[in-house]
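Novice: As given, the protein sequences belong to chains A and B, one line each in that order. For the first sequence, this note's numbering begins at 1 and goes up steadily by one. For the second sequence, this note's numbering begins at 1 and goes up steadily by one.
Rather than coming from a laboratory, the hints here were simulated on the basis of the structure. In this text, all values refer to a predicted model and were calculated from it rather than measured experimentally. From the three backbone atoms N, C-alpha and C, an ideal C-beta is built for every residue, glycine too. A few of these clues could be false.
Quick list of the computed label-pair ranges, beta carbon to beta carbon [claimed, not checked]:
1. A:His56 - B:Ser39: 16 to 22 angstroms
2. A:Asn155 - B:Ile459: 51 to 57 angstroms
3. B:Phe4 - A:Arg220: 16 to 22 angstroms
So the chains spell out like this:
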Amino acid sequence: MAQPKYNPNKVDFSLKKEDETQGPKSNLKLLNDSTSQKEFKPRNKSNRFFYKVSNHQELFRIGRSFYEDYISGVKSFAISSTGYQTSQQKTILGLACFFDHKDDYKIAIVSDNLQQGAFSDIVSISKTYESSLFGEDYKIKVKSFYNHFDFINLNDLLDLSANQELGEYDSVFDYIVDSYDLVFWDVPELHKIQLDSERYFPMIMKFESISIIVSKKISRQSDIDELQQFFLGYGINMKGLLFEEKNNFEKKVEDIGTNKSDTVIVKKKWWQRIFSK
Amino acid sequence: MKKFNLILHETTILNFPFMGKLIRRYWYLAIAIPALVFSLSLYHFNHQNNIHKRSVFFSNINEDHTGPTPLMSAVIGDQKSGLTETDIVGILKSLDFQQEFAEIIIENPDFMRLDLSGLNSKEPFDMKAFLSSCNQKVSCIQKRVRGAIFSFVSIKPDHIVTTRFSLEVMTRDHFTTTFLLKEISRYIENSRVKTIKHKIEDQIAVSKQLLKEKKLELQAFNLQGLSEEKKSLEERVSEIKSKIESYNRFFHRLKLDLDLMETKVRETKKASQANIDTSKIIDFQKRKRWEDKIRKLESDIGAIKVVSQKLSSQDEQILAQLTSELKKVQKKLLSMGDRGRAVSSEVQFINRKEGESNFTEFDYKVKKEQYEKTKKDYDSLIAKKEVISKKLTKIDNKIDEIKPSAEYIKLLEEKLVQLRLLNSTVVSDLKFENEFGPKVVFKKLSKVKTLLFSTVSSIVLLLSIVILLYLLDDKIYDKSELEKTFDNLTIIGNTPDFD
């Protein structure tokens, strides 16, 4: 497995400076496999790998918050929610893009749900390679997305706990954190962790900061409290809450209202405008 | 608690902007609740009964002091306390009044035509069915009728004229309204006359009883006998007083006479014992002689002057001689001075007193005896007068003791006369107007009230339900709410969104 490319202590932290040197450009771009890491593929040439973030300002705001934490030495970020895996994945993807955009970091994304949700498209076009643990004895599959991010299937890691030959199951997670500049943990649902806490415990212990996604009109205060109490019980630093302004239902409604392909915007009815909040 | 803090506001109590947000959040309630409330109100308004209302005004003439009864009462000094506003408004609450009216109204031939169903009742009214539960029991029927009728009737004070009131009747039926208004107003007047008469008759009975008791008390004292005795004693005292007065006058005169008499007797005795000097007697005789001579000479001179108009020389000579003689004698008499003058009176006095002495002493004795007798009589009269006066004082005291009772009886008799006069001239102190008010048909809850009620109910209900939902709703709806709910956590920002 590769060593971290980046030493945060030698980095110029000024975001402005970087913007100024590189000039205005799109916030999120994916590199083609033919493109070097330093050369971004022009947006108009290919949109196959292009992710467009609709709320750049928000991404910049949360990205800077995470970036400040990273500068202060935090490198293992867990993103959790009360059951909104897609939101978790999008947030992780957004943050990964932000950091990737920021500098040439080695970023790992650990999730048990790589084949579904926001990751599925990217994972499907990522190259798989095997990374060896503890020498050549044990190997795990890593899906590298054009050297931007590495996707690691959490289930593969959890399965190692059943391997009797592997002496130190906990050190697998240490190894992953040590191998990357940044690790984003797509935290599984709480009930899964509670059901099999022994297997999940080494992973949880590697969380240096956890953020909880709160979805508008769906998340319940009691669920968030439960989640918060659970991770606080393990002494994990609670970074804060991320608010998901538009839940999936609203997005669907909006997609129906706006015919993007025809670029015709259907205006909302007066009652929809009044009661849209 | 955090949620309450969001709902409440320190100035306006409710946090209205937040309430607006909640209403927008539960927008379906903002449509459903007012729609429901207004629909129910409309349904209720349309299904209300038509209420027939009519009223008649009446005045409390006892209060304004212009009616005949209070004026007459005032003239003869009767201090009546009339009905107060509370009494009048409460007339209809009296169970006796209600019972008596129910008894009368049941006997009325139009009673069966009345509609005594409740104002909110939807069913048509049937009197037979209404009374059927009583099984012909009169007391039960009266009780039911009483309860039904007096729920339709009320007395309200006029807001402008303090002595004016209105009797209002509201039923479902026009005939019942007018009928009850007429009968109740008539019955109130009659009832008032009856009540006043009853009160006066009670007073008469009490006064009579009291008078009888007081008279019996007075008879034990025999006031008449005492009065007659007092009169007789007063006459006797007056008689004795006049006697004493005349005796007093006579006694004083007698005393003066007696003193005079005593002096006379003493002086007479002294005079009869006195001696007269001889030279004084000679002087007295000489003076008398000269005085006689002067008198003669003067008469001669006068005679000569009167007789002769023209005096002859001889006459003149005689006249001169007589004049000279007169002057000489007068000179001699003057030279004697007072000598011989007192002696003549003394002698005469002594001689006369010697004669009178025996009579004077006798008279004195008589007067003295008379004086003593008169004094005795006078003293006896004074003593008698004192005795009678004491007796009179005792009787006076006794009469004074029983005098208040007598006065009381007198007043009672006067009062009895007044009450009898009043009783024969009693009229009702509540005077109803002849004309009834206009017929008014309305619904219990008016359109405006229904609308107002619906609006207020909708708002209150909507706010209550919205607040309740908010308190029960555990979901997070916006970032500000998230910040307030989890104030111990940082809100990093919004999740990124991909197109």
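Novice: Hint by hint, say whether it matches the structure.
Specialist: Results of checking the hints against the structure:
no.: 1; hint: A:His56 - B:Ser39: 16 to 22 angstroms; verdict: violated, 50 angstroms
no.: 2; hint: A:Asn155 - B:Ile459: 51 to 57 angstroms; verdict: holds, 56 angstroms
no.: 3; hint: B:Phe4 - A:Arg220: 16 to 22 angstroms; verdict: holds, 19 angstroms
Checked against the numbered hints above, the structure breaks only hint 1 and satisfies the rest.
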